[in-house]
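Between the sequences and the hints, there should be enough to build the whole structure, so can you do that?
Heads up: the sequence lines are chains A and U, in that order.
The working numbering puts the first residue of the first sequence at 1, with every later residue one more than the last.
The working numbering puts the first residue of the second sequence at 1, with every later residue one more than the last.
The set of hints was computed from the structure by calculation and includes no laboratory data.
Values in this document were obtained by computation on a predicted structure and should not be read as measured data.
Keep in mind that the hints are not guaranteed to be accurate.
What the hints assert, rightly or not - Under the rule of at most 27 angstroms between Cα atoms (straight-line distance), these lysine-lysine pairs were calculated in the DSS-like manner:
#1 Lys57/A / Lys37/U
#2 Lys100/U / Lys70/A
#3 Lys100/U / Lys55/A
#4 Lys53/A / Lys100/U
#5 Lys13/A / Lys55/A
#6 Lys71/A / Lys57/A
#7 Lys55/A / Lys18/A
#8 Lys22/U / Lys37/U
#9 Lys42/U / Lys22/U
#10 Lys13/A / Lys42/U
#11 Lys58/U / Lys37/U
#12 Lys58/U / Lys68/U
#13 Lys53/A / Lys70/A
#14 Lys22/U / Lys71/A
#15 Lys57/A / Lys71/U
#16 Lys58/U / Lys57/A
#17 Lys68/U / Lys42/U
#18 Lys42/U / Lys71/A
#19 Lys71/A / Lys18/A
#20 Lys71/U / Lys57/U
What the hints assert, rightly or not - Sample of chain U residues at the chain A side, in silico, Cβ under 10 angstroms:
#21 Ser9
#22 Arg43
#23 Pro44
#24 Arg51
#25 Gly95
#26 Gly97
The beta carbon of each residue, even a glycine, is placed where N, CA and C say it ideally should be.
For reference, the chains in residue letters:
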Amino acid sequence: DVKVTQSSRYLVKRTGEKVFLECVQDMDHENMFWYRQDPGLGLRLIYFSYDVKMKEKGDIPEGYSVSREKKERFSLILESASTNQTSMYLCAHWRRGNTEAFFGQGTRLTVV
Amino acid sequence: GENVEQHPSTLSVQEGDSAVIKCTYSDSASNYFPWYKQELGKRPQLIIDIRSNVGEKKDQRIAVTLNKTAKHFSLHITETQPEDSAVYFCAASLGFGNEKLTFGTGTRLTIIP
Numbered sequence: 001d002v003k004v005t006q007s008s009r010y011l012v013k014r015t016g017e018k019v020f021l022e023c024v025q026d027m028d029h030e031n032m033f034w035y036r037q038d039p040g041l042g043l044r045l046i047y048f049s050y051d052v053k054m055k056e057k058g059d060i061p062e063g064y065s066v067s068r069e070k071k072e073r074f075s076l077i078l079e080s081a082s083t084n085q086t087s088m089y090l091c092a093h094w095r096r097g098n099t100e101a102f103f104g105q106g107t108r109l110t111v112v
Numbered sequence: 001g002e003n004v005e006q007h008p009s010t011l012s013v014q015e016g017d018s019a020v021i022k023c024t025y026s027d028s029a030s031n032y033f034p035w036y037k038q039e040l041g042k043r044p045q046l047i048i049d050i051r052s053n054v055g056e057k058k059d060q061r062i063a064v065t066l067n068k069t070a071k072h073f074s075l076h077i078t079e080t081q082p083e084d085s086a087v088y089f090c091a092a093s094l095g096f097g098n099e100k101l102t103f104g105t106g107t108r109l110t111i112i113p
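Right under this line is the structure:
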């Protein structure tokens, strides 16, 4: 069974806090991506990584950073959480070569 | 960068009828087009994909067609069933070595019993 684990299912944080969202996969996949999902906006790409220590900005990277110190773990960091970052965050990973993407169960983050 | 537009945003069809969802993409170099289904409260899951060297692909009641010239691709679901009710996302990618997956905004499909 595919296992993509996101650290929390629900999270409530205060404005200005530093927030860490973690994604861990056990399929030895190179590609790892972070998306946020908002009603009517679909899945928007925040950051992605093709390999350890490597990262690239997606379409909406402002206010976020990432870390990939190990192949199986890709962390999303909200440097100073703001209310407009309230959203569902989805991690995805897939084997290099445009193969099936596997999604985590999502973290619903609320910033108050 | 790539831009993917998806229509309609909502679609209701009678059980047993067909449903069609359409997507257009902007980058003519895109060559991989998957479709994901997200049931309520669940994660998106791949249902079918197509690569640019193929014009059509079928898997039981689901088919995808690709028109590279017009830069659009469509999902066709025949003989719809209640379990087809979900949000469907199309996506596009440039391919090996540049696998950023850009998604459409989604279509909420409701099957009316």
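What are the numbers of the hints that this structure violates, sorted from low to high? Violated: hints 14, 16, 17.
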